[in-house]
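Participant: Use the sequences and the hints to build the structure in full.
If you're matching them up, the sequences are chains A and B in order.
Under our numbering, the first residue of the first sequence is numbered -5, with each subsequent residue one higher.
Under our numbering, the first residue of the second sequence is numbered -5, with each subsequent residue one higher.
It is possible that part of the hints are untrue.
[Unchecked claim] Each pair of labels, with its calculated beta carbon distance range:
no., chain 1, residue 1, chain 2, residue 2, range
1, A, 136, B, 188, 50 to 58 angstroms
2, A, 60, B, 140, 23 to 31 angstroms
3, A, 81, B, 49, 17 to 25 angstroms
4, A, 65, B, 10, 42 to 50 angstroms
5, B, 173, A, 198, 25 to 33 angstroms
6, B, 82, A, 180, 52 to 60 angstroms
7, A, 229, B, 96, 51 to 59 angstroms
8, A, 38, B, 70, 51 to 59 angstroms
9, A, 43, B, 90, 29 to 37 angstroms
10, B, 207, A, 43, 53 to 61 angstroms
11, A, 37, B, 180, 50 to 58 angstroms
12, A, 10, B, 188, 47 to 55 angstroms
13, B, 10, A, 208, 47 to 55 angstroms
[Stated by the list, open to error] Computed footprint of chain B on chain A, listed as stretches where at least three residues anywhere in the stretch have a Cβ under 8 angstroms from a Cβ of chain B:
no., stretch
14, 18 to 31
15, 181 to 193
16, 225 to 237
Bear in mind the hints are in silico, worked out from the structure with no lab data behind them.
We put the CB at the ideal spot given by N, CA and C, even for glycine.
Residue strings, one per chain:
There are 2 protein chains.
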Amino acid sequence: MTTAEQMPAIILVEPQMGENIGAAARAMLNFGLTEMRIVNPRDGWPNERAVAMASRADEVLDNARLFSSVEEAIADLKKVYATTARPRDMIKHVATPKGAAQELRSLSAAGEKAGILFGKESWGLSSEHVTLADTIITVPLNPDFSSINLGQAVLLVAYEWFQSEDDTADMVIRNSERLANKEELAHLFNRIEGELDARGYFEPIMARKPVILRNMRNMFQRFGLMESDIRAFQGIVKGLCLPRRGEQDKD
Amino acid sequence: MTTAEQMPAIILVEPQMGENIGAAARAMLNFGLTEMRIVNPRDGWPNERAVAMASRADEVLDNARLFSSVEEAIADLKKVYATTARPRDMIKHVATPKGAAQELRSLSAAGEKAGILFGKESWGLSSEHVTLADTIITVPLNPDFSSINLGQAVLLVAYEWFQSEDDTADMVIRNSERLANKEELAHLFNRIEGELDARGYFEPIMARKPVILRNMRNMFQRFGLMESDIRAFQGIVKGLCLPRRGEQDKD
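Facilitator: Structure, rendered in structure tokens:
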């Protein structure tokens, strides 16, 4: 039996309609998921329409946690998935709900907390938010009619989670090290960005700075960094930032 | 490619709310199913609310066929499935949506037309109607919260139909970029090592230098670097090796 702490969190980013938050809560509970996180709901929180729609799944809403940024909502997570229907111009692993569910079971079995981002109804997740994820989940859909609503997207992902309960035999075996969490990853990014800024690296290419940083974040996300990798990179950054011996002598 | 004639029909039996008929039409089209049959809809036919909810899936509604009994609606079918959440006091084959989808694909390939019955929102299919089916489909659900609505039930069955088309769907997709070759990787290592050496980074930890370098190589190997990642790292190394702005001014 998987405990609630080990289950993936469903993270609704800037959801617009309370009805859809309620439908997401129902879909979650239908398939045994109970941890909802909500980032900046348009109509505030709590939301009466969400409760009305959730029906007996209001316990999911009662326990939902509110965040003011995606970064905060994922800070404690080891692996983050982003659901998106549109192709994105970035290099990322892409999984189906079924493939992701199998990974989520493995993570859960290893005690590594994961979460799945769902974007707002009108336009899904922003590229910045997708960038924060390790893997994209795309539901295979009829390419001529590929719009599904928030509640349905949560339903399909939660359904595959429930389905995959018995498929954990083929687990990916890791060694005893733990994956870096998103906060550790953010510290590393911020340090590299800060050091590059302090050296004027971006000045000749200022217009491209946001894209360069986004690509860099995507790249690091993709590597599946362990906690020891973060320490190794912190060491490399520290070392590269030392003055060259010749320059030191000049001082 | 499966033609419409070979696809299973979705048969709504005495549906009550137009919204749910529209949602079913959308769910069908999302997963490439286009043949809807309707038995005695409570609010008559056509139904404006169904059309409003169906949005661009109204073509499914336009082509829906109306019947006055389940017997007539299934008369031309070779195999009939009945979706039901409640256990029934009858001996029947029971399949999951996934198992049923695989059977439906086989039937479709053999040119044997099949159909799936969905009951009314309030109470599902009557036992008389379930009796007319060959096999029961039951969605695996959290036993403590097992109510799903008509649109969701159609969505899950249609989803599994679509999934079963191609079992190779669970792949990791990258874009068209190529993996870095070992020479590019070696250049990157050597540059990082050389820059760290030039800064005296290893001097206080000289005994551990070989182990640190080996771990670093292992780490980079594990990442599956793309050619563009090598360029990104070369940029980061270049940037971090620039003198800090304050130090430059001192020269």
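Participant: Hint by hint, which ones does this structure get wrong, listed from lowest number up?
Facilitator: Per hint list: zero violations.
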